[in-house]
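Residue strings, one per chain:
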Amino acid sequence: MPQLDFATYVPQIIWLVITFTAMFLVMWKVCVPRIGGALEARQKKVEQNLERAAELKTEAEAAIAAYEKALADARATAHEEIVKVQADLKARQDAEEAKLSAALQARVKEGEGAIDKALKDALASLDAMATEVATAACERLIGEAPDAKAVEKAVTAAAKARSA
Amino acid sequence: MAENHSPLAQFEIKTLVPLKFGELDASFTNSSLLMVATVVVVSAFLILGMRRAALVPGRWQSMAELSYVFIANLLKDTVGSEGRPYFPFIFTVFMFVLFGNLLGMVPYSFTFTSHIVVTFTMAAVIFVGVTAIAIAKHGLHFFSFFMPPGVPLLMAPLLIPIEIISYLSRPISLSVRLFANMLAGHTLLKVFAGFIISLGVFGVAPWLFVVALTGLEIVIAFLQAFVFTILTCLYLNDALHLH
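Keeping their order, the protein sequence lines are chains L and C.
Each residue of the first sequence is one higher than the one before, starting from -16 at the first, in this note's numbering.
Each residue of the second sequence is one higher than the one before, starting from 16 at the first, in this note's numbering.
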């Protein structure tokens, strides 16, 4: 069995030590740092990208919030504006109406005054006319002009009796 | 030179370049050649694979990184973060044994891990190194390792010798496991390969068997490198944490 040939042990051990040491040095100084560095760089890059994504997400959320706030503000302003315009219109309408109704009232009063005056005039001229009619009627009936004062007195009494 | 068809002939050490330093025989043999080849192949695999160190790795770079991550995770799972300084050594052990096993699967090459002297030297270095680390870290407290906590004192005379024997047998079990697996696998391959020609037409049966066995041997090459490495990690864990 070649494994038990002790003469081969020394060269095998010597070459094992040489080759293993050489390989250990290559691994230790070259391969492990290189592979480890590449893996670390990748890890870092991935983390950076994740961080950047998170940042972008918060930015986007902030933008959405700002947009919504602007929208709400605009809505509120528009609403205020509408209310103000409506109030303004109502005030103007009320003023116009008041003015118009005042004018109408004045004209109604004026008309009523005129009617009153006409009525008074008519009533005032009624006595004179009645007196005249009575005088004329008496003249036709009795052929002579009655005493103007007596006729007036009688007409006034008759008018009074009527209205009483 | 008469051809040697013994199944063990493949394990013969053949001197390629005789080298002698006084009494010291440092001849360059087929074993040495495969060791050098292992170093060259592993270094080339890792250095050329990482030559661009791209952010998004290609297939080759992925394989180089995968071997690194595999051993890094193995070390982290068995030893924890204290094991990090020993990573280059553990990684070298794994790659050296793995590629030694795999290159041994190449026809007409040589499997240096099938020699007990090679595996035992590695196991002995690991054993001595791990024990030195344990003593450097824990001082005399290290010897409490042989008396597990919570054991009644009455058991000590029985338990301590058992623990010491089990501790001292570590390098033997570590080296014999690897050496015996390689020896048995390659011998079996050679025995069945010998049947192929001698059985004529019926040689198809052992041929198919050899094909299947070759696949199995490649799996074993991985598995034994892994076992060798994980046991080294476990010993290192014992040294750093005792119990």
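None of these hints come from the bench; they were simulated from the model.
Bear in mind the structure is a predicted one, so any value in this text is a computation, not a measurement.
Cβ coordinates follow ideal geometry from the N, Cα and C atoms, glycine included.
Hints should not be assumed to be uniformly reliable.
[Claimed, not checked] Restricting the straight-line Cα-Cα distance to at most 30 Å, the calculated cross-link-like pairs of lysine-lysine (DSBU-like) are:
id : chain 1 : residue 1 : chain 2 : residue 2
1  : C       : Lys152    : L       : Lys12
2  : L       : Lys12     : C       : Lys91
3  : C       : Lys91     : L       : Lys27
4  : L       : Lys92     : L       : Lys103
[Said to hold, decoys possible] Going by beta-carbon spacing under 7 Å, a handful of chain L positions derived as facing chain C:
id : residue
5  : Val(-7)
6  : Ile18
7  : Ala21
8  : Leu72
9  : Gln88
Given pair status - C:Lys91, L:Lys12, alpha carbons within 30 Å:
The hint holds at about 21 Å.
Less than 7 Å between beta-carbons is the criterion; does L:Ile18 satisfy it with respect to chain C?
Holds, because the Cβ-Cβ distance from L:Ile18 to chain C comes to roughly 4 Å (cut-off 7 Å).
For the restraint on L:Ala21, tell me whether the closest CB of chain C is nearer than 7 Å.
4 Å, holds
Does the alpha-carbon distance linking L:Lys92 and L:Lys103 stay inside the 30 Å limit?
At roughly 16 Å apart (the allowed maximum being 30 Å), L:Lys103 and L:Lys92 satisfy the hint.
Would you check whether L:Gln88 satisfies its interface hint, that is, whether its CB is within less than 7 Å of any CB in chain C?
92 Å, violated
Would you mind confirming whether the straight-line C-alpha gap from C:Lys91 to L:Lys27 stays at or under 30 Å?
Answer holds: C:Lys91 to L:Lys27 is near 20 Å, not above 30 Å.
With a cut-off of 7 Å, does the beta carbon of L:Leu72 approach a beta carbon of chain C closely enough for the hint to hold?
69 Å, violated
Would you check the hint for C:Lys152 and L:Lys12, treating anything up to 30 Å between C-alpha atoms as holding?
This hinted pair holds, its Cα atoms lying about 25 Å apart.
Minimum beta-carbon distance criterion (7 Å), L:Val(-7) to chain C:
5 Å, holds
When held up to the earlier numbered hints, the structure conflicts with 8 and 9 and fits the remainder.
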